[in-house]
Amino acid sequence: MVVVKKSINFIAVLVLALFSMFSYGDEIQHKPGNKVDTAEEINDYIAHHLKDSHDFHFYTHNESGTHYSFPLPVIVWTSNGLKTFMSSEFHHDDAGKVIVEKGDVKLVKLHSKIYELESGASTINFDEHHHATNAHKVLDFSITKSVFGMLLAGILMLLGFGALARGYKKGKMIPKGFSRVLEPLVIYVRDEIAKPNIGEKKYRKFMGFLLTVFFFIWILNLLGLTPLGFNVTGQIAVTACLAIFTVVIYMFSGSKDFWAHTLWMPGVPYILRPILAVIELVGFVVIKPFSLLIRLFANITAGHFVVMSLIALAITLKVSFGPVVSTGMSLVLSLFIMVIEILVAFLQAFIFTMLSSLFIGMAVEEHDDHH
Amino acid sequence: MYNLIGAGLIVIGGGIGLGQIGGKAMEGIARQPEAAGKIQTAMIIIGALLEGLAFGALILGK
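So the protein sequences, as listed, match chains R and F. With the first letter of the first sequence counted as 1, position 82 gets the number 82 in this note's numbering; the numbers rise by one all the way through. With the first letter of the second sequence counted as 1, position 34 gets the number 1034 in this note's numbering; the numbers rise by one all the way through.
Errors might be hidden in some of the hints.
Unchecked claim - Straight line, CA to CA, 25 Å or less: simulated SDA-like cross-link-like pairs of lysine to any residue: (1) R:K195 / F:A1007; (2) R:K195 / R:H367; (3) F:K1024 / R:S291; (4) R:K201 / F:A1042; (5) R:K195 / F:I1039; (6) R:K137 / R:F161; (7) F:K1038 / R:F178; (8) R:K169 / R:L211; (9) R:K195 / F:V1011; (10) F:K1038 / R:K51; (11) R:K102 / R:I75; (12) R:K137 / R:D93; (13) F:K1038 / R:L182; (14) R:K195 / F:E1034; (15) F:K1038 / R:R190; (16) R:K195 / F:M1043; (17) R:K176 / R:L158; (18) R:K256 / R:L182; (19) R:K201 / F:G1037; (20) R:K256 / R:Y270; (21) F:K1038 / R:L185; (22) F:K1024 / F:M1001; (23) R:K113 / R:L185; (24) R:K51 / R:L222; (25) R:K176 / R:F161; (26) F:K1038 / R:L158; (27) F:K1024 / R:E118; (28) F:K1038 / R:K137; (29) R:K195 / R:S179.
Calculated directly from the structure, the hints in this document are not laboratory data.
Sequences and hints are given; from them, build the entire structure.
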C-alpha cells in the first residue's frame, strides 16, 4: 500500500514537471506563422521570457498565428495625466508599430516598455542604435505579469497562513490539512535561521520579516517553475527591493555596539580607525545588499535560461541528430535540470533569509567584553 | 570575446573555491558525522557568499 502511494506521488511529480516543460517549449515556439529554428530566434525568445511583459501569454497556434493569452491592465502616468487601458489594445505588438491614442497622448509598446510619442509625431523613429528618437518612457504602474505573480503569491500566503492562524485561534494545537505543511517550515525558519543568528532574546521582533521574505521568495521561485511562466525573482527590481528592506531593517535596528564597532572600531590604532569606518560602512550599505540581490537574481535567471536552452536543444540539434534523438536528449536533460531547480528554489529562499538574519544578528548584537 | 574569457576565469575561480568548501566539509562530516548538520549550514552560507562574488563579477562583466 505504501509503495503504491509513493509511486503515485512520484508519477504525479513527474507528470507535473513534464507538463511545465511542454509549456516552456510552447513559449519558445510562439512566433505566429513560422516556427522558430535559428539560434538567434531562440535567443530572442529566451530573452523575451526573462523579461517582464504586459500580457499573459500561454500559447500561439503556429498555422493560424492566433494568440492564446489574456491581457493585463496598463496604468501609466503620461504628460497628460493618468491613463488606464487593457494591454490587448497593443494587439501583441512589441516593436512600437501599434499606436494607442488616449485623449491627445499617443502610446506605443517597444521591447515590453511603454513609450509616449512626442507631440506631433505619428510614427516612432529610431537612431542607429535602435533607440527611439521621438518618444520617451512613461512612469509605468501597470499590473504586469510580475506584479500579477507577486499578488498571486500574496493571496496564496494570506490563504495558507490565515488558515493556520485561525486554527491556532480556535485552540487547536495540531494544525489540519495544508497547515501541517506550513507549521514545520515556520518552526524551521524560527529554530534554524532566526534563533542561531539573531539570538534567543531578540529574534521575535524580526520573525515577521524573515518569514514573509522566506515564503515570498520560495513561492515565487516555485511559481517560476510552473507552466504559468513567471520570472518574478529573476527581475532585478524585485530582488533589489527585497535587499533594500533588509538593509533598512538592520540599519535602523543596529545597537550602540554595532555603530561603535562600525564607525570607531575599538582596539585598533587611531590612524586606522577612519579607514576601517569607511570600509565597514561601504560593506554594510553597498556590498552586503548588492551581493544579496545579485545572488537571487542571477541564480533564478540562470536557472530559467538553462531550462529554456536545454528545451531548445530539441530544435537546434534536429538537423544533425534527427528528431527522436534530439527530443530525447532535451527531455532527459531538462527534466534533470528541472528537478535541480526545485532544490534551488528552496535553497535561494533559505540563503536569502539566512544571510538577512545573519546581517540583522550582526547589527543587534551587544558585546559584553571590552577590547 | 574578452568577456567570455573573463566569464571562464570567474567560473574557474568559483569552481576552485566551491571545491575547497565542499571537500573540506565532506572531510569534516566524515570525521565527525554528528556535526553534519552544523557543517552543512556553514558550508551553504560560505558557498552562498562565494556565489555572490562570482555572480557579481559575471553581471559586471556582461
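Hints and how they fare:
Distance hint between K195 (chain R) and A1007 (chain F) is unfulfilled; the C-alpha atoms sit about 38 Å from each other, more than 25 Å. Under the criterion of a C-alpha separation no larger than 25 Å, the hint pairing K195 (chain R) with H367 (chain R) is consistent with the structure, at around 17 Å. For a cut-off of 25 Å, the pair hint linking K1024 (chain F) to S291 (chain R) stands: about 24 Å separates their Cα positions. Of the supplied pair hints, the one linking K201 (chain R) and A1042 (chain F) holds, its CA atoms being roughly 22 Å apart against a limit of 25 Å.
Restraint check: the Cα-Cα separation between K195 (chain R) and I1039 (chain F) comes to about 17 Å, which is no more than 25 Å; the hinted pair holds. Straight-line distance between C-alpha atoms of K137 (chain R) and F161 (chain R) comes to about 39 Å, which puts the hinted pair past the 25 Å bound. Distance hint between K1038 (chain F) and F178 (chain R) is unfulfilled; the C-alpha atoms sit about 29 Å from each other, more than 25 Å. Proximity of K169 (chain R) to L211 (chain R) is assessed by CA-CA distance (about 19 Å); at most 25 Å being required, the pair is judged to hold.
Annotation: proposed proximity of K195 (chain R) to V1011 (chain F) is violated, straight-line Cα distance about 34 Å (limit 25 Å). For the hint pairing K1038 (chain F) with K51 (chain R), the CA-to-CA distance comes to about 38 Å; that exceeds 25 Å, so the pair is violated. In summary, the hint linking K102 (chain R) to I75 (chain R) is supported, as the alpha carbons are separated by about 12 Å, within the 25 Å threshold. With a C-alpha separation of about 17 Å, the suggested pair K137 (chain R) and D93 (chain R) falls inside the 25 Å cut-off, and the hint holds.
At most 25 Å may separate the alpha-carbon atoms for a hinted pair to count; K1038 (chain F) and L182 (chain R) meet this at roughly 23 Å. Only pairs whose Cα atoms come within 25 Å are accepted, and K195 (chain R) paired with E1034 (chain F) is accepted, the gap being roughly 21 Å. For the hint linking K1038 (chain F) to R190 (chain R), the alpha-carbon distance of about 16 Å falls within 25 Å, and the restraint holds. Our distance criterion of 25 Å between C-alpha atoms is met by K195 (chain R) and M1043 (chain F), whose separation comes to about 18 Å.
Annotation: proposed proximity of K176 (chain R) to L158 (chain R) holds, straight-line Cα distance about 16 Å (limit 25 Å). Restraint check: the Cα-Cα separation between K256 (chain R) and L182 (chain R) comes to about 36 Å, which exceeds 25 Å; the hinted pair is violated. Proximity of K201 (chain R) to G1037 (chain F) is assessed by CA-CA distance (about 23 Å); at most 25 Å being required, the pair is judged to hold. Only pairs whose Cα atoms come within 25 Å are accepted, and K256 (chain R) paired with Y270 (chain R) is accepted, the gap being roughly 20 Å.
Proximity of K1038 (chain F) to L185 (chain R) is assessed by CA-CA distance (about 18 Å); at most 25 Å being required, the pair is judged to hold. For the proposed pair K1024 (chain F) and M1001 (chain F), the alpha carbon gap of about 35 Å is over 25 Å, so the pair is violated. Only pairs whose Cα atoms come within 25 Å are accepted, and K113 (chain R) paired with L185 (chain R) is rejected, the gap being roughly 38 Å. Distance hint between K51 (chain R) and L222 (chain R) is fulfilled; the C-alpha atoms sit about 17 Å from each other, no more than 25 Å.
Between the alpha carbons of K176 (chain R) and F161 (chain R) the distance comes to roughly 12 Å, so the proposed pair stays at or under 25 Å and holds. Taking the CA atoms of K1038 (chain F) and L158 (chain R), the gap is about 33 Å. The hint is violated against a cut of 25 Å. With a C-alpha separation of about 62 Å, the suggested pair K1024 (chain F) and E118 (chain R) falls outside the 25 Å cut-off, and the hint is violated. The straight-line distance between the Cα atoms of K1038 (chain F) and K137 (chain R) is roughly 50 Å, outside the 25 Å bound, and the hint therefore fails.
Straight-line distance between C-alpha atoms of K195 (chain R) and S179 (chain R) comes to about 22 Å, which keeps the hinted pair within the 25 Å bound.
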